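Engineer: What follows is the residue order along each chain.
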Amino acid sequence: MPSEETKERIIKAVELGRTIVHYGWIPFIIYIGYTRSNPQPSLIKLISPLA
Amino acid sequence: MAAYPPSLSTVEPVVAPPSPSSSSSKSSAFNVFHRFASWRNSLGLPNPGTVENLQKEVKSTLLTNFFFDGARADLSKSLSVNPIFQVTHSFALGSQTVAPSYNFGAVFANNNVFLQGGVDHEGNVSGRLNQGWSANNVTKAQCQLSSQVGHSMLQLEHDYQGQDYTVNIKAMNPSPVDATGIYMASYLQSFTKNLALGVEMLHQRPQPEMTETAASYLAKYTNDDKNWIATAQLQPAGMMQATYWQKLSEKVDVAADLQVIAAPGRRDAIATLGAKYDLRMSTFRAQLDSTGKVSALLEQRFAPSFSFLVSGEIDHFKNAAKVGVGVMIESPSMTPEEMNMMQMPPTLPP
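The listed protein sequences derive, respectively, from chains R and L.
Sequential numbering from 1 applies to the first sequence in this note's numbering.
Sequential numbering from 1 applies to the second sequence in this note's numbering.
No incorrect hints appear here.
Cβ-to-Cβ under 10 angstroms is the rule here; a few derived chain R residues that face chain L: (1) 6; (2) 11; (3) 14; (4) 19; (5) 22; (6) 25; (7) 34; (8) 36; (9) 37; (10) 40.
Simulated from the structure, these hints should not be mistaken for laboratory data.
This one's a predicted model, so the numbers in the text were calculated from it and none came from an experiment.
All C-beta atoms, glycine included, are put in the ideal place defined by N, C-alpha and C.
Given these sequences and hints, build the entire structure.
Structural biologist: Put into structure tokens, the structure is as follows:
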């Protein structure tokens, strides 16, 4: 059984990871898609619903 | 573990002949295993499919998962075809049950990775990641992240599809500190060319000192031509679900679903009957259930990139009705000129 201190640290790390995924997941997919797409689309097409 | 399924021990075992040269018990055990494996190969049983997809055909025929009310617009843009990269803007309003919402989604997929993400106007993020390690091994992760405390969810799962069996393990909200969470393991095995039986274990651990384990049993019967499928699922606490799906012709599928709850304090059953017509430019679904609801959904494609949806439901017992209209617009990644360029056959040198 881990000590209280380790537990605290694990909980903090999980919380940090959760925050990173929360704000970073969509930008991450867009970045991956944008750089790997063939042909590479224009940025305005990516964001705007009407373009 | 999967090579010696306990459920197979009821089948007549292959008896290894006493080999005179066998000096150690290790080699004879290996011999038995080898004979068993080759006997199993010789049966030529098909893979039963995953437990998650047990009722896939029924779910895609019935209207329940497709119904919506109010107004809806989906604008999707496919920016790349290989690898697949798509963004979607969805708007919904005027529904009787859900609040108006805006949702932005992005999908990226290549041969072995699938990434999907969505964010709504309140900042709730949902994500999905599938990683295929080989043709038979897939790891999946799913999450739901919300700024509200206690609304976040994480699910990790791994699928292994063997020659005639499928294994899946799943963990929902596993905590690395005290191992709380929900854990599931399922095993589905083909016994004949048509019949597959399986078991699913559910282990719940909401608090470190509280655990609960339950088993549910699954059966699936597929006809030789694969044009009808019957499934049954027996869950703990007296719940039973039986489904039947049949392909009547190229364009018509029908499905029936029966859910029975026979717990000591509660007895209830719901039956649903539905049909799906796949026509050249449209898809029509109609459904009738035992709670008095009649519903229908028409999805009409006017052009390859534009479709129009109309749905309606009448609850005869409660005297209520719902209607919905929707549009789906898909803009292609390339301009028409570029499309023509792509469609031209490449001129090969003689």
